[in-house]
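> So the sequence lines, in the order shown, correspond to chains H and V.
Sequential numbering from 0 applies to the first sequence in numbering that gives the first Met the number 0.
Sequential numbering from 0 applies to the second sequence in numbering that gives the first Met the number 0.
One or more of the hints may lead you astray.
[As the list claims (entries may be wrong)] Cβ-to-Cβ under 10 Å is the rule here; a few derived chain H residues that face chain V: (1) 237; (2) 238; (3) 248; (4) 249; (5) 252; (6) 297; (7) 299; (8) 304; (9) 311; (10) 341; (11) 407; (12) 410.
[Stated by the list, open to error] Listed next, with one range per pair, are the computed distances between beta-carbon atoms: (13) 31/V to 304/H: 40 to 46 Å; (14) 153/H to 46/V: 25 to 31 Å; (15) 148/H to 74/V: 45 to 51 Å.
No lab work stands behind these hints: they were computed from the structure.
Glycine residues also receive a C-beta, built at the ideal position from the N, C-alpha and C atoms.
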Amino acid sequence: MKYSGFKVIKEALTGHKGWKPVWRKPEPKPAYDIVIIGGGGHGLATAHYLAKKYKQKNIAVLEKGWIGGGNVGRNTTIVRSNYGLHGNEGFYELSMQLWERLEQDLNYNAMVSQRGVLNLIHSDPQRDAFVRRANTMIMNGADAVLLDAKGVREHSPLLNFDNGRFPITGGLLQPRGGTVRHDAVAWGYARSADSAGVDIIENCEATGFDIQAGTVMGVQTSRGPIKAGKVAVAVAGNSSRVMAMAGRRLPIESHVLQAFVSEGLKPLLPGVITFGAGHFYVSQSDKGGLVFGGDIDGYNSYAQRGNLPVVEDVCEGGMAIMPMIGKARMLRMWGGIMDMSMDGSPIIDRTDISGLYFNGGWCYGGFKATPASGLAFAHLLATDTPHDTATAFTLDRFERGLMIDEKGQGAQPNLH
Amino acid sequence: MIINHPLLGPRDASEFVHMGDASLMHRPDPKSETAADDFYRYQYLRDNPAGLYAELWFHEQGDRSWLVVTRNTLTHEIIDVQLARHIARQKS
Ligand SMILES: Cc1cc2nc3c(=O)[nH]c(=O)nc-3n(C[C@H](O)[C@H](O)[C@H](O)COP(=O)(O)OP(=O)(O)OC[C@H]3O[C@@H](n4cnc5c(N)ncnc54)[C@H](O)[C@@H]3O)c2cc1C
Chain H
0 MKYSGFKVIK EALTGHKGWK PVWRKPEPKP AYDIVIIGGG GHGLATAHYL
50 AKKYKQKNIA VLEKGWIGGG NVGRNTTIVR SNYGLHGNEG FYELSMQLWE
100 RLEQDLNYNA MVSQRGVLNL IHSDPQRDAF VRRANTMIMN GADAVLLDAK
150 GVREHSPLLN FDNGRFPITG GLLQPRGGTV RHDAVAWGYA RSADSAGVDI
200 IENCEATGFD IQAGTVMGVQ TSRGPIKAGK VAVAVAGNSS RVMAMAGRRL
250 PIESHVLQAF VSEGLKPLLP GVITFGAGHF YVSQSDKGGL VFGGDIDGYN
300 SYAQRGNLPV VEDVCEGGMA IMPMIGKARM LRMWGGIMDM SMDGSPIIDR
350 TDISGLYFNG GWCYGGFKAT PASGLAFAHL LATDTPHDTA TAFTLDRFER
400 GLMIDEKGQG AQPNLH
Chain V
0 MIINHPLLGP RDASEFVHMG DASLMHRPDP KSETAADDFY RYQYLRDNPA
50 GLYAELWFHE QGDRSWLVVT RNTLTHEIID VQLARHIARQ KS
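The shape of chain H in the complex, shown without the other chains (with noise of 0.2 Å):
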């Protein structure tokens, strides 16, 4: 079925009876050439271009939840390419070019939405690291521009400006950035590879690997033993439970991120606003309501829910620097898991174990990610090489002494 305005249309003066199930539900067969285990959005995204892009046949995506449930629905929307490492940036990049064609490519709607992120500035070594973090993304193909106090209050006029402690002396703004319907990236990226004949099975644990004499053969899962060709682990926040059942240990820990919404407001933000000197962020949504967060909790969990100090920390954030917050109220919160990785950069790549591939350490930053991530661990798993832009997310650089920290926090995770 093709979505178009001719569609809509029709079905209006039908009675919306033509609309169907946009993914199948198949049974999982017993061997495939190619298993992804994770059906959130990088894992679904590796589907739709080993199908589409690099024409891999018999693929099938493990889900042990249903389409949407983890981060990729879990998640505040943004997307935006202003990382100021090198290894980072080039990929960040192609995935925002990658974002603008996303709707034409999947003929599906994911209201993305090029409104801007602004990153505020508060002190003149701030905007130093600002000013070289805005040459990067220049030089990597971006676009940044830097606003002074006079170009921030015409961007956003309702800001704090004579905050003490952290007054607003400029911005850097990327206008290119912004926000996507997540669930709508899910589900847009499963009906373009359950097209291309992928098999998503919602529902479905992988629950062990079947690995003989350092190869992969197959995985184990809640549904029965499913045979392999490869396997392409995309989890997430789950990362170090599902290797640890092929015996590996990851750099990385899970911690738990929080999001806010409040009630539905008459459209007052220009676009995404970012105060990380206070640890908080805020953009609306377009029904209304701000979305908002901070910091992660900062311990190890699984929990999928945090606790009351940071969210008494993010509404301090909040009033500090939008003191207009404190008349909205709060309709929704909840927490999901972050693969935070030792330098907070992601890993794409093989593994020791031939026919097994990795891809995690995505911290809180994953969903902009999301598709160049797929097509990079398609293009890794279809050729066996790192694609162009991802080539320095390889699991080995912590031995190496390659990392690509962005903030310059060291083996921390909690700090990234």
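Given chain H's structure and the hints, the job is docking chain V with the ligand onto it.
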């Protein structure tokens, strides 16, 4: 979360800083033949279990002692709290 400090009694977890896996207390021997590899594993690799986890918390806003907290990462329930220095002394 409330951490039951062995000396000070129940304290709010927000007074503490979380340092990570309690195995970080046991630094490898730098003179060993395998030191480079040992330090790589010590510094960068983690068990990261879903379930019971022994971890270091630093009472930064309190008496500045280091604690080993055993906590369930699935429920956030705290099972056991000990002074890290007691554990270190017992070991040496
Ligand atoms: C509150 C919050 C806000 C965020 N905000 C942003 C943001 O604004 N911008 C941004 O870029 N990123 C953001 N992120 C991060 C982003 O959501 C993640 O990095 C990204 O979604 C992770 O990739 P994924 O979509 O594949 O993960 P997931 O959707 O979590 O996919 C992994 C899947 O693997 C499945 N799985 C796990 N174990 C197994 C198993 N054994 N067998 C089968 N399946 C299994 C899980 O059920 C899950 O569906 C945010 C995250 C959170 C929680």
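> Indicate, hint by hint, whether the structure satisfies it.
Each hint, compared with the structure:
1. 237: holds (8 Å)
2. 238: Given a least distance of 8 Å, the restraint on residue 238/H holds.
3. 248: holds (4 Å)
4. 249: holds (7 Å)
5. 252: Holds. Min distance 5 Å.
6. 297: With a minimum Cβ separation of about 5 Å from chain V (threshold 10 Å), the hint on residue 297/H holds.
7. 299: Since chain V brings a Cβ to about 5 Å from residue 299/H, closer than 10 Å, the hint holds.
8. 304: holds (8 Å)
9. 311: holds (8 Å)
10. 341: At 5 Å from the nearest chain V Cβ, residue 341/H passes the 10 Å test, so the hint holds.
11. 407: Because about 16 Å separates residue 407/H from the closest Cβ in chain V, which is outside the 10 Å limit, the hint is violated.
12. 410: holds (5 Å)
13. 31/V to 304/H: 40 to 46 Å: The hint (40 to 46 Å, Cβ to Cβ) holds, given that residue 31/V and residue 304/H are roughly 42 Å apart.
14. 153/H to 46/V: 25 to 31 Å: violated (51 Å)
15. 148/H to 74/V: 45 to 51 Å: With a Cβ separation near 47 Å, residue 148/H and residue 74/V satisfy 45 to 51 Å, so the hint holds.
Checked against the numbered hints given earlier, the structure breaks hints 11 and 14 and satisfies all the rest.
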